[in-house]
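K.L.:
For reference, the chains in residue letters:
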Amino acid sequence: MGFFLETLLGGLMAGMLYALVALGFVLIFKASGVFNFAQGAMVLFAALAMARFAEWVPAWTGLDNKIVANVLAFLLAGAVMFVVAWLVELLVLRRLVNQEAATLLMATLGITYFLEGVGQTIFGSSIYKIDIGMPKDPVIVFDQVFQGGILINKEDVIAACIAAGLVALLTLFFQKTGTGRALRAVADDHQAAQSIGIPLDRIWVIVWCVAGVVALVAGMIWGSKLGVQFSLATVALRALPVVILGGLTSVPGAIIGGLIIGVGEKLSEVYIGPLVGGGIEIWFAYVLALGFLLIRPQGLFGEKIIDRV
Amino acid sequence: QAKEQFIPVLSYRTGPYAPNGTPWANGYIDYMKLVNARGGINGVKLAWEECETGYDTARSVECYERLKGKGASFVQPLSTGATFAITEKAPVDKIPVVTIGYGRSESADGTVFKWNFPIAGTYWVASDAILQAIAKKEGGGMDKLKGKKIALVYHDSPFGKEPIPLMQERARMHGYDLQLLPVAHPGVEQKSTWLQIRQARPDYVVLWGWGIMNTTAIKEAQATGYPREKMYGVWWAGAEPDVKDVADGAKGYNAVTMQHGAEPQSKVVKDILAMVHEKGQGTGPKDEVGQVLYMRGAMSAMLGIEGIRAAQERFGKGKVMTGEQVRWGLENLNLTQPKLDALGFAGVMRPISTSCADHMGAAWARIHTWDGKQWKFTSDWLQADDQVIKPLVKSTAAKYAAEKKLEPRTPADCQS
Amino acid sequence: MLYRENGQFKTSYRSDQQIFPIRQDRVVIALFALVAFVLVPALASDYTLRALLIPFLIMALAALGVNILVGYCGQISLGSGAFMAVGAYGAFNFFARIDGMPLLGALVLGGLCATAFGLLFGLPSLRVKGLYLAVATLAAQFFADWMFLRVKWFTMDTPSGSVSVSNLQVFGLPIESDISKYLFCLSVLVVIGILAKNLVRSAIGREWMAIRDMDVAAAVIGIRPMYAKLSAFAVSSFIIGVAGVLWAFVYLGAWEPAAFSVDMSFRLLFMVIIGGLGSIMGSFIGAGFIVLLPIFLNQFLPVLAGLVGLEISTVGIAHAELMIFGALIVWFLIVEPHGLAKLWSTGKQKLRLWPFPH
Amino acid sequence: MRRPFGEVVLEVENISLSFGGVKALSDISFDVREHEVRAIIGPNGAGKSSMLNCINGVYQPQQGAIRFRGREFRHMNSRQVAEMGVGRTFQNLALFKGMSVLDNIMTGRNLKIRSNLLLQALRIGPAEREEIRQREFVEHIIDFLEIQPWRKTPVGQLPYGLQKRVDLGRALAMEPQVLLLDEPMAGMNVEEKQDMCRFILDVNDEFGTTVVLIEHDMGVVMDISDRVVVLDYGRKIGDGTPQEVRANEDVVRAYLGTSH
Amino acid sequence: MTATAAPIVLDVNGIEVIYNHVILVLKGVSLQVPEGGIVALLGGNGAGKTTTLRAVSNLLRGERGEVTKGSIELRGERIENLSPAQLVQRGVVQVMEGRHCFAHLTIEENLLTGAYTRSSKGEIAASLEKVYTYFPRLKTRRTSQAAYTSGGEQQMCAIGRALMAQPSLVLLDEPSMGLAPQIVEEVFEIVKDLNARENVTFLLAEQNTSMALRYANYGYIMENGRVVMDGPARELADNEDVKEFYLGMGGTERKSFREVKSYRRRKRWLA
Ligand SMILES: Nc1ncnc2c1ncn2[C@@H]1O[C@H](COP(=O)(O)OP(=O)(O)OP(=O)(O)O)[C@@H](O)[C@H]1O
Ligand SMILES: Nc1ncnc2c1ncn2[C@@H]1O[C@H](COP(=O)(O)OP(=O)(O)OP(=O)(O)O)[C@@H](O)[C@H]1O
Ligand SMILES: [Mg+2]
Ligand SMILES: [Mg+2]
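Residue numbers (our numbering), protein chains in the order written: chain A, 1 to 309; chain B, 1 to 416; chain C, 1 to 358; chain D, 1 to 260; chain E, 1 to 271.
Just so you know, these hints were derived from the structure itself, not from any lab. Careful: at least some of the hints might be erroneous.
As the list claims (entries may be wrong) - Computed footprint of chain D on chain E, listed as stretches where at least three residues anywhere in the stretch have a Cβ under 8 Å from a Cβ of chain D:
(1) 45-59
(2) 109-123
Unchecked claim - SDA-like, lysine to any residue: derived pairs with alpha carbons at most 25 Å apart:
(3) B/Lys89 <-> C/Ser180
(4) B/Lys3 <-> C/Glu311
(5) B/Lys373 <-> A/Glu155
Even for Gly, the Cβ is constructed at its ideal location relative to N, Cα and C.
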């Protein structure tokens with residue numbers, strides 16, 4: 001029982017972290033109907049920027065305060081992500097207005113390669129570390145109740161809280177500012193949105209920028225957990241079933257999807273895995289998502305797919 | 001035109017395994033620069049070209065094809081996947097495949113694998129050494145393993161699966177319990193693995209990882225409170241990039257070494273610093289010279305180059321050797337202690353001598369342990385048990401030969 | 001006015017329905033075939049054949065298969081790598097377990113294994129659409145990766161999970177030399193290419209495209225979505241499976257599941273998008289772009305840097321390669337969102353008008 | 001004068017259809033006779049298109065029955081309906097955007113094609129001959145609709161009006177016994193509408209195809225239809241010859257307005 | 001009111017438009033729209049009406065078209081390089097052909113999105129009410145997703161959405177398409193109403209020639225990418241050719257659709 005709870009908890013935490021990456025996908029999809037393949041690369045890029053600035057800032061300024069250095073690095077990395085968003089809009093999206101989703105998907109692939117190249121050129125390709133003072137050692141709770149207690153990772157809890165906060169913030173942003181409606185309009189029909197005066201350029205810069213900041217936060221948390229290195233980009237692949245299960249257009253969907261996938265994959269690996277040789281969690285996550293899709297083809301919270309004649 | 005011996009370099013300085021591939025390549029190239037600075041191999045200078053593989057098999061094959069056309073003397077694929085693919089091509093191209101500390105373990109059998117040279121150690125050696133070290137820690141011989149629980153956390157790929165047959169064999173022999181826990185490439189998500197470890201509480205964890213998987217594993221061990229002292233990594237999971245970031249969190253973590261460890265004090269390192277880096281020709285950052293993977297690169301280069309030197313002894317000193325000649329050299333390598341000392345590898349490694357039947361030449365290893373700042377040796381020399389490994393190599397190689405309908409090499413062939 | 005069909009009147013629908021109705025095209029294609037079958041083997045170096053042309057041909061074949069599913073039938077697939085793997089391991093098992101199994105037999109059987117697998121994972125397409133379908137195909141991908149690593153039977157109990165083949169023969173001719181391998185791949189590609197071209201311009205091809213463009217309307221004019229989708233899955237995975245067999249048997253010789261990882265799936269998808277969705281030609285151009293361009297850049301950049309007196313390190317080249325490759329993808333898409341094949345046909349259209357601008 | 005009409009081909013009986021709270025159709029019945037041009041009119045959102053969707057199996061009505069030549073069906077899918085000989089054009093263009101005009105119309109012939117996948121891949125024997133036979137038929141339609149110059153143009157690039165024509169062509173290619181036309185003339189000027197009327201009447205005359213027509217241009221409806229059904233927000237408010245309908249007060253109030 | 005008296009709002013001068021770098025569609029189109037005018041753009045399928053409107057509202061880029069020659073001026077300012085959003089800010093709004101409602105948004109959300117460029121909540125609410133009074137049908141369907149409304153309802157939605165931006169120049173592309181007769185009339189009444197009371201200028205591409213010429217004060221007839229005839233609406237309506245081809249009149253009577261037999265004739269102003 002204790003172990004079950006521990007696994008469950010571990011799954012929930014992992015799910016929150018996936019959700020953080022998934023959120024980036026959702027944002028951009030919502031705003032342009034584009035599946036942003038570059039989200040993983042953006043996470044890596046942002047994390048690299050943050051990690052290196054945290055190294056460089058003390059070197060440049062002679063400051064020796066870790067908190068100040070981290071805050072400055074975060075801000076600088078945020079600024080870098082803004083520049084990325086702006087360039088992406090200026091050089092790519094603007095020129096591909098009203099093109100098919102496949103074309104835009106491909107363009108984001110080009111962006112992926114480009115970001116990977118630039119990121120590693122500027123920031124290097126070794127392992128870097130982000131040290132934002134996350135506690136690493138475990139705490140054991142309920143050791144009177146269950147044998148061995150339940151292990152809780154403080155780092156994960158903090159990360160999950162940050163993720164939840166970010167989601168709440170974004171949900172609020174889209175609900176309150178009315179930008180949300182414009183975003184959905186843009187995703188539905190670029191041309192019609194233009195025709196009524198929605199400035200696609202500005203919208204896209206904003207959204208890519210927000211997605212960049214989300215990527216930064218995701219990169220920071222994942223980076224602090226794993227170290228910043230090329231493989232960070234692959235967490236996108238783990239986040240994919242999450243986005244799709246939650247629904248490509250739903251911010252809360254990313255969270256719920258994340259939790260379901262996180263729990264599902266951990267439980268399956270721990271309980272079914274040993275029977276079949278282990279290593280099943282990835283495909284299990286996808287199969288789980290597929291199972292849900294067979295019931296709801298648009299994901300749990302996604303907008304209904306419209307087909308009408 | 002000056003005589004030059006061409007050596008292709010397949011390396012990866014980008015992609016998921018770049019942090020580990022880069023220091024290896026730096027050591028490899030610096031050593032070749034050193035050889036040239038020392039005057040080449042009996043006057044024959046080395047030339048090389050680096051090709052970026054990104055640890056991708058298809059890309060590696062392309063690199064191999066490209067560079068082999070330039071007169072390759074031997075090739076180091078530097079990835080298990082690529083080794084498998086290139087092994088099939090080598091006999092046709094007549095280029096020896098040198099795999100120092102990786103590749104397929106059964107290729108130590110030179111009567112079947114004529115062109116493969118896993119010199120100085122295979123994964124079976126590594127895993128055997130680890131088991132011996134664990135037994136020692138338990139206070140004695142292999143019988144101390146009885147009733148223990150050992151978990152193998154491995155990279156889910158041929159690389160990670162290599163040690164399994166040996167560890168299973170040993171489990172049968174000594175009666176320990178082996179738990180297999182695969183981790184999917186690239187290994188950034190290991191939560192469930194470590195939850196399982198927390199539940200099963202194995203006495204030891206053997207870590208068979210590469211790249212970020214190692215760091216992640218150690219971090220997860222820390223997060224789940226698994227004692228690092230009870231973890232033993234393969235030699236690809238025992239270098240600075242694996243533990244640097246975890247620093248204190250990795251304190252006590254052990255790894256088997258392929259003879260060498262971090263050797264900043266060795267003569268070869270001093271030579272490289274003096275003759276290459278001082279001249280401004282160093283390949284990587286100076287402070288990484290002598291670190292574990294750097295040394296692995298340097299040693300890998302050295303073994304190949306010594307193969308060329310050995311070939312020259314027979315086919316003509318000061319001449320450029322063909323792949324076939326180098327193959328002979330690699331097969332008749334006899335690196336005695338004085339020779340190693342002269343090369344600057346005193347204390348770094350032990351003598352090695354290969355033969356037609358034995359392409360590995362030595363089965364020595366040590367254990368080193370991370371003390372929070374650097375790797376320190378914590379064991380004596382360990383030798384993998386021939387009694388265990390030989391039959392395994394024989395039978396696996398025989399199976400390969402049967403599948404391929406290969407005739408084992410005749411003694412006559414061995415002489416040529 | 002080099003390229004005009006003026007004066008070439010079609011007197012029957014049969015002649016209008018030829019694969020290449022315009023004479024200039026036929027001439028070009030004939031020349032192309034001559035070059036490919038005669039000149040290239042005679043002139044190309046080992047390296048070109050083995051490291052460039054053979055992988056290009058095989059990837060072109062795989063891309064062709066992917067294009068049928070994604071480009072013609074509109075079902076997004078990220079599981080192509082898995083179909084290749086199933087083809088490869090399937091053929092391997094037939095080849096290694098059955099004595100005297102001819103290579104061509106194994107090739108076809110491997111393709112059929114992939115077909116079966118493709119059909120199975122194609123079933124969700126009856127309900128799940130668009131990007132959501134990508135999840136189903138990715139499930140196939142990761143499942144296949146896992147299966148070939150874990151189920152020892154498929155790899156004949158080799159401990160590492162990697163397998164190899166040798167002694168390839170077709171009708172008694174050994175497929176060992178580069179030229180024979182090249183010609184073998186080329187022949188397979190040409191044969192399957194022609195069959196595929198025939199399919200896409202026949203009734204079934206139109207059904208696929210109809211489903212892709214508007215499935216409700218397609219149903220109303222009597223097209224069965226289930227039949228169309230599943231047949232696309234079947235044909236596509238057969239072709240991809242055959243490509244997988246070639247990749248494993250002919251190009252790699254020995255392989256492990258990672259040779260068909262999800263990266264492969266992505267790369268194949270990119271090939272068809274950048275080449276042109278719904279264009280056979282596009283698959284070839286796209287394969288060329290994705291397979292050859294990085295290699296070209298890799299070799300060309302140092303030369304270029306040398307010209308301006310720079311020396312770039314290997315890392316520098318690798319990174320520059322990524323950046324240039326990414327930038328080129330974006331640039332081509334901006335010039336022509338429908339892929340390189342479309343760019344080509346627009347070019348032809350311009351040539352037709354030449355020397356007048358419009 | 002009016003031609004004599006055959007028996008009832010299509011009979012719609014007490015059809016009700018609702019979407020959530022919206023009652024698109026409630027209890028609608030009417031019949032269509034062999035060889036006639038039957039118009040359906042009504043204000044926007046009256047349920048006309050939904051009616052057609054029910055007839056060809058896109059929507060499943062919650063109640064009622066539809067009989068085609070005496071065969072009753074309620075849960076028939078689009079394919080089965082198409083097989084029975086019902087063709088259809090769409091109000092919001094539903095062409096296959098990525099395909100050429102020729103291919104679009106050829107898809108309409110698909111039901112007639114008997115060769116299988118293998119034959120088509122090899123393109124030998126029957127497959128080849130069949131393809132040519134279908135092509136000839138389609139070329140007739142292309143001629144008939146005067147869209148020869150655009151044969152190989154992707155339909156997405158055609159102007160709206162021509163797309164409507166291709167849509168009609170695709171339906172005609174099915175050689176339907178009953179042709180359902182949903183505002184085929186929207187977006188055309190008078191001259192083009194005249195052409196369209198000509199096409200429709202010719203099809204009706206020459207092939208004896210029964211036509212069900214939705215149209216908002218009263219001129220067209222009055223001139224070419226034999227009988228008219230009037231729907232108003234899901235209810236049927238009139239049914240009869242154009243003259244009768246025009247005289248019907250409900251119809252005038254709900255739909256025509258005073259100026260007609 | 002004549003075309004020359006009022007100041008010119010929109011001056012299109014000899015524009016050429018090319019799609020996809022190869023397809024030349026407009027071959028030198030010029031037209032003027034006077035302040036407070038209603039100008040009709042007539043012509044058969046494929047004449048280039050939609051393309052002209054897209055050129056003005058700068059929506060060509062999404063279709064991979066570009067203006068290669070000529071100039072477009074809005075109140076004296078060159079606008080070829082403004083973004084559609086900037087044009088909306090200057091009061092130019094286009095109602096696109098083929099509805100283009102935002103499928104996933106409800107009718108009301110569609111309408112509200114139309115007011116994106118405006119900020120005053122109160123005014124927007126007022127506009128919304130106004131649109132609902134113009135099209136009561138929309139009000140009853142306000143909560144359903146646009147994709148699930150009938151063709152005509154979508155058309156109303158598209159028109160209403162454009163009006164929500166409070167434009168000063170509206171480019172209407174086939175407003176009457178798919179609308180029931182009395183709604184068509186209402187739409188034109190709305191046009192007239194807005195024109196008269198709020199001095200909104202209209203440029204409308206329309207197939208319903210009789211309607212268009214009834215409400216417009218000036219008309220251009222396009223064919224094959226060129227303007228082949230223009231003049232005050234009244235004069236055009238009296239032109240014999242226009243009568244025959246665009247109003248369907250033989251002599252003075254409207255010809256019956258059943259009677260027109262000779263559909264293969266194509267007399268045109270251009271060869
Ligand atoms: N799939 C659907 N889901 C929800 N409501 C629908 C659906 N299809 C149609 N409706 C509603 O049913 C009513 C009838 O729609 P229908 O399309 O049949 O109208 P119509 O008579 O064709 O109108 P128009 O002349 O404008 O085309 C409309 O109010 C529409 O919103
Ligand atoms: N996206 C496009 N790509 C290529 N050609 C196009 C495109 N859009 C329109 N055309 C071509 O431009 C010409 C003019 O089309 P346009 O849509 O402007 O005509 P229109 O007068 O609006 O016709 P309709 O009354 O049928 O809407 C047509 O010949 C059409 O084929
Ligand atoms: Mg309708
Ligand atoms: Mg138009």
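K.L.:
None of the hints should be skipped; say for each whether it holds.
P.N.:
Okay, the hints, checked on the actual structure:
Coverage of a stretch by a chain is defined here by at least three residues with a beta carbon nearer than 8 Å to that chain's beta carbons; for the segment 45-59 of chain E and chain D the count is 4, and the condition holds. Counting residues of the segment 109-123 of chain E whose beta carbon lies closer than 8 Å to any beta carbon of chain D gives 0, which falls below the threshold of three, so the coverage claim is violated. About 15 Å separates the Cα atoms of B/Lys89 and C/Ser180, which keeps this hinted pair within 25 Å; it holds. Restraint check for B/Lys3 and C/Glu311: satisfied, since their Cα atoms lie roughly 24 Å apart, inside the 25 Å limit.
The straight-line distance between the Cα atoms of B/Lys373 and A/Glu155 is roughly 24 Å, inside the 25 Å bound, and the hint therefore holds.
Consistency with the previously given hints fails for number 2 only.
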